[in-house]
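Turn these sequences into a full structure, and let the hints guide you.
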Amino acid sequence: MSGEKITIALAGNPNSGKTSMFNAITGARQHVGNYPGVTVEKKWGHISLNGHDLEIVDLPGTYSLTAYSMEELVARDYLIKQKPDVVIDVVDAANLERNLYLAVQFMELGVPLVIALNMMDVAEGRGLKIDPDKLSRLMGVPVVPTVARKGKGVKQLLGEAVETALRQKQWRPLELSYGPDVDQALLELTGKFNGNSLAWSPLGARWVSLKLLENDAEVQKQVSQDPGLAGHMEPLRQKLRDHLRLTMDDDPEGVIADYRYGFIGGIYRQAVQETRAQRLELSDKIDKVLTNRLVGPLILLAVLYGIYQFVFWASEIPVGWLEGLFGWLGGVAEAAIPEGFVKSLVISGIIDGVGGVLGFVPLIMFMFFTIAILEDTGYLARVAYLLDRVLRNFGLHGNSVMAMIVSGGISGGCAVPGVMAARTLRDPKARLATILTVPMMNCGAKLPVYALLIGAFFAAREAQMLFALTLVSWGLALIAARILRWTVLKGETSPFVMELPPYRLPTLRGLLIHTWERTWQYIKKAGTVILGISILMWALMSFPALPEDQAAAWDAKVQAATTKELRQEVEYHKGQAELAHSVAGRMGRALHYVTAPLGFDWRTNVALVGGFAAKEVVVSTLGTAYSMGEVDPEDTVGLSERLAKEPGWNPLKAFALMLFVMIYAPCFVTVAVIRNETGGWKWPLFAVAYTTVSAYVISFLVYQGGLLLGLG
Amino acid sequence: MENFETLRMLRVGQQAVIKKITVGGEMGRRIRDMGIVPGTVFTVMGRAPLKDPVEIKLKGYNLTLRNNEADHILVQTEEG
Numbered sequence: 001m002s003g004e005k006i007t008i009a010l011a012g013n014p015n016s017g018k019t020s021m022f023n024a025i026t027g028a029r030q031h032v033g034n035y036p037g038v039t040v041e042k043k044w045g046h047i048s049l050n051g052h053d054l055e056i057v058d059l060p061g062t063y064s065l066t067a068y069s070m071e072e073l074v075a076r077d078y079l080i081k082q083k084p085d086v087v088i089d090v091v092d093a094a095n096l097e098r099n100l101y102l103a104v105q106f107m108e109l110g111v112p113l114v115i116a117l118n119m120m121d122v123a124e125g126r127g128l129k130i131d132p133d134k135l136s137r138l139m140g141v142p143v144v145p146t147v148a149r150k151g152k153g154v155k156q157l158l159g160e161a162v163e164t165a166l167r168q169k170q171w172r173p174l175e176l177s178y179g180p181d182v183d184q185a186l187l188e189l190t191g192k193f194n195g196n197s198l199a200w201s202p203l204g205a206r207w208v209s210l211k212l213l214e215n216d217a218e219v220q221k222q223v224s225q226d227p228g229l230a231g232h233m234e235p236l237r238q239k240l241r242d243h244l245r246l247t248m249d250d251d252p253e254g255v256i257a258d259y260r261y262g263f264i265g266g267i268y269r270q271a272v273q274e275t276r277a278q279r280l281e282l283s284d285k286i287d288k289v290l291t292n293r294l295v296g297p298l299i300l301l302a303v304l305y306g307i308y309q310f311v312f313w314a315s316e317i318p319v320g321w322l323e324g325l326f327g328w329l330g331g332v333a334e335a336a337i338p339e340g341f342v343k344s345l346v347i348s349g350i351i352d353g354v355g356g357v358l359g360f361v362p363l364i365m366f367m368f369f370t371i372a373i374l375e376d377t378g379y380l381a382r383v384a385y386l387l388d389r390v391l392r393n394f395g396l397h398g399n400s401v402m403a404m405i406v407s408g409g410i411s412g413g414c415a416v417p418g419v420m421a422a423r424t425l426r427d428p429k430a431r432l433a434t435i436l437t438v439p440m441m442n443c444g445a446k447l448p449v450y451a452l453l454i455g456a457f458f459a460a461r462e463a464q465m466l467f468a469l470t471l472v473s474w475g476l477a478l479i480a481a482r483i484l485r486w487t488v489l490k491g492e493t494s495p496f497v498m499e500l501p502p503y504r505l506p507t508l509r510g511l512l513i514h515t516w517e518r519t520w521q522y523i524k525k526a527g528t529v530i531l532g533i534s535i536l537m538w539a540l541m542s543f544p545a546l547p548e549d550q551a552a553a554w555d556a557k558v559q560a561a562t563t564k565e566l567r568q569e570v571e572y573h574k575g576q577a578e579l580a581h582s583v584a585g586r587m588g589r590a591l592h593y594v595t596a597p598l599g600f601d602w603r604t605n606v607a608l609v610g611g612f613a614a615k616e617v618v619v620s621t622l623g624t625a626y627s628m629g630e631v632d633p634e635d636t637v638g639l640s641e642r643l644a645k646e647p648g649w650n651p652l653k654a655f656a657l658m659l660f661v662m663i664y665a666p667c668f669v670t671v672a673v674i675r676n677e678t679g680g681w682k683w684p685l686f687a688v689a690y691t692t693v694s695a696y697v698i699s700f701l702v703y704q705g706g707l708l709l710g711l712g
Numbered sequence: 001m002e003n004f005e006t007l008r009m010l011r012v013g014q015q016a017v018i019k020k021i022t023v024g025g026e027m028g029r030r031i032r033d034m035g036i037v038p039g040t041v042f043t044v045m046g047r048a049p050l051k052d053p054v055e056i057k058l059k060g061y062n063l064t065l066r067n068n069e070a071d072h073i074l075v076q077t078e079e080g
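Chains as they are written, first to last, in my numbering: chain A, 1 to 712; chain B, 1 to 80.
Worth double-checking, as some hints may not be accurate.
[Said to hold, decoys possible] Straight-line alpha carbon distances no greater than 20 Å define the calculated SDA-like cross-link-like pairs of lysine to any residue that follow:
{"#": "1", "chain 1": "B", "residue 1": "Lys19", "chain 2": "A", "residue 2": "Gly179"}
{"#": "2", "chain 1": "A", "residue 1": "Lys288", "chain 2": "B", "residue 2": "Lys57"}
{"#": "3", "chain 1": "A", "residue 1": "Lys221", "chain 2": "B", "residue 2": "Gly60"}
{"#": "4", "chain 1": "B", "residue 1": "Lys57", "chain 2": "A", "residue 2": "Pro14"}
{"#": "5", "chain 1": "B", "residue 1": "Lys51", "chain 2": "A", "residue 2": "Asn292"}
{"#": "6", "chain 1": "A", "residue 1": "Lys288", "chain 2": "B", "residue 2": "Lys20"}
{"#": "7", "chain 1": "B", "residue 1": "Lys59", "chain 2": "A", "residue 2": "Glu548"}
{"#": "8", "chain 1": "B", "residue 1": "Lys51", "chain 2": "A", "residue 2": "Leu294"}
{"#": "9", "chain 1": "B", "residue 1": "Lys51", "chain 2": "A", "residue 2": "Asp284"}
{"#": "10", "chain 1": "A", "residue 1": "Lys524", "chain 2": "A", "residue 2": "Leu294"}
{"#": "11", "chain 1": "B", "residue 1": "Lys19", "chain 2": "A", "residue 2": "Met248"}
{"#": "12", "chain 1": "B", "residue 1": "Lys51", "chain 2": "A", "residue 2": "Pro297"}
{"#": "13", "chain 1": "B", "residue 1": "Lys59", "chain 2": "A", "residue 2": "Ile130"}
{"#": "14", "chain 1": "A", "residue 1": "Lys5", "chain 2": "A", "residue 2": "Arg29"}
{"#": "15", "chain 1": "B", "residue 1": "Lys20", "chain 2": "A", "residue 2": "Pro297"}
{"#": "16", "chain 1": "B", "residue 1": "Lys59", "chain 2": "A", "residue 2": "Gly127"}
{"#": "17", "chain 1": "B", "residue 1": "Lys57", "chain 2": "A", "residue 2": "Tyr379"}
{"#": "18", "chain 1": "A", "residue 1": "Lys285", "chain 2": "B", "residue 2": "Arg47"}
{"#": "19", "chain 1": "A", "residue 1": "Lys288", "chain 2": "B", "residue 2": "Arg11"}
{"#": "20", "chain 1": "B", "residue 1": "Lys59", "chain 2": "A", "residue 2": "Asp284"}
{"#": "21", "chain 1": "A", "residue 1": "Lys169", "chain 2": "A", "residue 2": "His52"}
{"#": "22", "chain 1": "B", "residue 1": "Lys20", "chain 2": "A", "residue 2": "Asp249"}
{"#": "23", "chain 1": "A", "residue 1": "Lys574", "chain 2": "A", "residue 2": "Glu548"}
{"#": "24", "chain 1": "B", "residue 1": "Lys20", "chain 2": "A", "residue 2": "Tyr259"}
{"#": "25", "chain 1": "A", "residue 1": "Lys557", "chain 2": "A", "residue 2": "Ala463"}
{"#": "26", "chain 1": "A", "residue 1": "Lys81", "chain 2": "A", "residue 2": "Met70"}
{"#": "27", "chain 1": "A", "residue 1": "Lys285", "chain 2": "B", "residue 2": "Pro49"}
{"#": "28", "chain 1": "B", "residue 1": "Lys20", "chain 2": "A", "residue 2": "Gly179"}
{"#": "29", "chain 1": "A", "residue 1": "Lys239", "chain 2": "B", "residue 2": "Gly25"}
{"#": "30", "chain 1": "A", "residue 1": "Lys285", "chain 2": "B", "residue 2": "Gln15"}
{"#": "31", "chain 1": "B", "residue 1": "Lys20", "chain 2": "A", "residue 2": "Lys169"}
Simulated from the structure, these hints should not be mistaken for laboratory data.
Pasting the structure below:
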């Protein structure tokens with residue numbers, strides 16, 4: 001009896017308190033990962049109870065068990081393939097009717113089920129008197145009242161779940177009536193299964209038939225792959241669907257849904273007493289202001305601006321510490337390792353690489369923290385509500401704006417947390433379009449490049465130029481999204497219909513858990529890729545080394561220099577020669593013919609290659625390429641003056657270069673994060689390709705157009 | 001059969017009852033999943049700054065949907 005391992009799947013509607021329940025059950029002992037092949041987050045945890053080892057798997061929040069959204073498909077697949085011992089369905093007691101719709105679908109499936117009647121306190125506050133025992137009798141499944149946020153009822157719930165798991169080893173599908181027409185059709189379809197192997201136990205023939213009538217694409221696919229069923233199910237299914245449509249003047253799936261709701265409505269009226277009429281809740285009153293047509297957008301702007309300010313302000317200090325730490329480590333390595341290949345690898349490859357990964361951690365942490373606040377309070381849904389009409393024109397979703405702003409919609413953001421912020425989007429195509437376009441925003445790393453070039457060529461119009469670049473980046477990102485949604489991401493947007501959950505105060509514990517698990521995922525997953533590419537970039541810029549005779553000649557020159565200034569100058573020239581000799585330098589030279597129409601010389605090309613590591617590297621590489629030594633991106637005055645005097649440089653070239661830097665390939669940290677968020681290399685590679693081509697075309701048009709107008 | 005209005009045509013503050021959903025497929029499914037089914041009484045709570053999407057309250061919770069989704073929801077107002 002004791003010592004059994006029991007798997008409990010935690011399911012429920014979004015906003016039903018499912019996450020609070022998961023946190024209440026597992027505490028901090030959580031694991032986060034992805035379901036195989038998809039980007040849907042999977043969370044699980046282990047606890048022991050009365051000698052049993054319980055594995056709790058948090059299924060994605062869904063309203064239904066159809067096969068339309070990724071979340072629903074994942075949840076259903078998990079149930080069917082992994083066959084958990086019991087499902088806990090967390091339902092919002094204040095919102096019982098709609099929440100039971102999912103419960104009924106679990107019952108149709110037949111999986112052992114326990115209902116957690118959550119947020120009982122909120123329900124009582126709204127004047128709802130719910131009789132859990134009656135509900136349990138009518139539904140035929142155990143019902144446990146809980147308040148997950150306060151940990152109330154969680155023990156009883158787990159006890160009930162364990163008991164149910166031990167008692168009910170078989171799946172017992174509920175055979176609901178969907179009216180005489182559908183029932184008759186189900187009978188005919190089910191009859192066809194007899195004698196044929198139904199390979200996907202524990203599914204019942206009636207459930208499969210029901211899904212066939214509901215036009216469920218996934219089940220249809222399964223049936224068509226079953227050699228015993230493929231031939232004769234489809235014609236019958238079509239015939240029955242056509243017949244039903246004629247007799248009922250509605251789609252079968254509509255009728256089936258209506259009967260489910262009818263079944264729920266009957267139970268609801270018996271088990272729940274509404275002791276007072278519906279009234280304006282506090283939440284509705286808050287919405288009178290926050291989603292007001294005039295004040296709402298202003299408050300929204302203020303909130304978004306505030307988030308941006310907070311994220312970058314709060315992370316400034318820890319980012320400084322990390323920079324200091326890695327600077328110090330670099331210094332230690334500098335002193336400890338003898339001059340040469342290993343030293344360069346350790347300092348420029350590994351320490352800079354690891355520093356690059358960790359340097360983003362504070363930003364990501366604070367961004368996820370603010371997103372968690374927006375999500376948990378319910379404001380994020382209002383953001384989508386307020387902005388949907390505008391962003392829909394570009395094939396995006398109301399929530400895309402978060403990602404765009406964090407990425408640099410207000411200059412100085414960062415696309416790494418920006419791409420991750422797109423997780424709040426449920427529509428897969430709008431989400432991809434957001435992920436692929438936000439790297440065009442003016443992130444903090446592009447600013448030193450702008451500062452350098454504006455300082456050199458547009459010093460009189462600094463502010464106007466920066467503002468113009470901000471507008472250009474917004475415009476380009478939105479246009480790019482529109483074009484992507486017309487081409488590679490073509491197709492209907494998912495339905496928007498969305499819940500505006502009541503405003504709630506988030507719990508600090510929930511916020512911290514959210515923030516931590518997402519940040520850790522970044523470190524773990526993106527970290528390895530970033531370190532790898534960082535070493536690769538280092539190698540590109542260091543190999544091959546100068547031939548020995550040339551290196552010796554440079555060293556002799558350095559030795560021969562009489563003053564400190566002279567020696568430094570020679571060392572800078574040596575740096576330039578080394579860079580020119582490296583793979584990156586050769587790439588720069590080879591690309592000369594390609595980029596000549598943009599006005600770029602080989603030095604600019606090398607800088608752009610280096611900029612793939614991080615856009616501010618464009619500045620330091622230009623420094624090396626112009627024999628200025630390593631230029632600090634924070635202080636570019638010297639290089640600015642140099643470029644202003646350099647033949648071949650002019651305002652037109654500088655402008656074309658700024659546009660190129662804005663648009664071309666996202667830095668590799670962003671690329672690594674895109675890979676994580678999209679679950680493969682296809683989209684990150686596409687992002688690199690399409691942005692670089694766009695950058696080329698746009699810079700080409702601007703530069704050549706400018707030459708025609710005589711601006712060169 | 002009398003002529004029903006669609007949800008899009010309602011004013012803010014109006015109450016109505018849902019009569020029929022005239023769309024199938026993913027959109028029809030999603031609308032029903034969210035509890036928009038015949039017989040349900042709801043109130044129009046507001047509209048976004050550009051009059052789209054619309055917010056409704058039904059059975060104690062709030063939903064928002066786009067006008068092109070509201071077009072598929074036939075309703076009957078209390079007075080009608």
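* Given pair status - Gly60 (chain B), Lys221 (chain A), alpha carbons within 20 Å -> 38 Å, violated
* Taking 20 Å as the top limit, are the C-alpha atoms of Lys59 (chain B) and Ile130 (chain A) close enough? -> 15 Å, holds
* Given pair status - His52 (chain A), Lys169 (chain A), alpha carbons within 20 Å -> Since the Cα atoms of Lys169 (chain A) and His52 (chain A) sit roughly 16 Å apart, the hinted pair holds (cutoff 20 Å).
* **20 Å Cα cutoff - pair Lys19 (chain B), Met248 (chain A)** => 15 Å, holds
* Asked: Keeping to a limit of 20 Å between CA atoms, is the pair of Lys51 (chain B) and Asn292 (chain A) held or broken?
  -> OK: Lys51 (chain B) and Asn292 (chain A) at ~11 Å, within 20 Å.
* Asked: Regarding the pair Lys51 (chain B) and Leu294 (chain A), is the alpha-carbon distance no greater than 20 Å?
  -> Cα-Cα ~12 Å, so holds.
* Asked: Would the pair Lys57 (chain B) and Tyr379 (chain A) pass a check requiring their Cα atoms to be no farther apart than 20 Å?
  -> 17 Å, holds
* Does Pro14 (chain A) lie within 20 Å of Lys57 (chain B) when you go C-alpha to C-alpha? -> 17 Å, holds
* When you check the alpha-carbon spacing of Lys5 (chain A) and Arg29 (chain A), does it fall within 20 Å? -> 17 Å, holds
* Take a quick look at whether Lys288 (chain A) and Lys57 (chain B) sit within 20 Å of each other, Cα to Cα. => 13 Å, holds
* Asked: Regarding the pair Lys20 (chain B) and Lys169 (chain A), is the alpha-carbon distance no greater than 20 Å?
  -> 41 Å, violated
* **Given pair status - Lys20 (chain B), Lys288 (chain A), alpha carbons within 20 Å** => 29 Å, violated
In this structure, the earlier hints numbered 3, 6, 7, 10, 15, 25 and 31 are contradicted, and the remaining ones agree with it.
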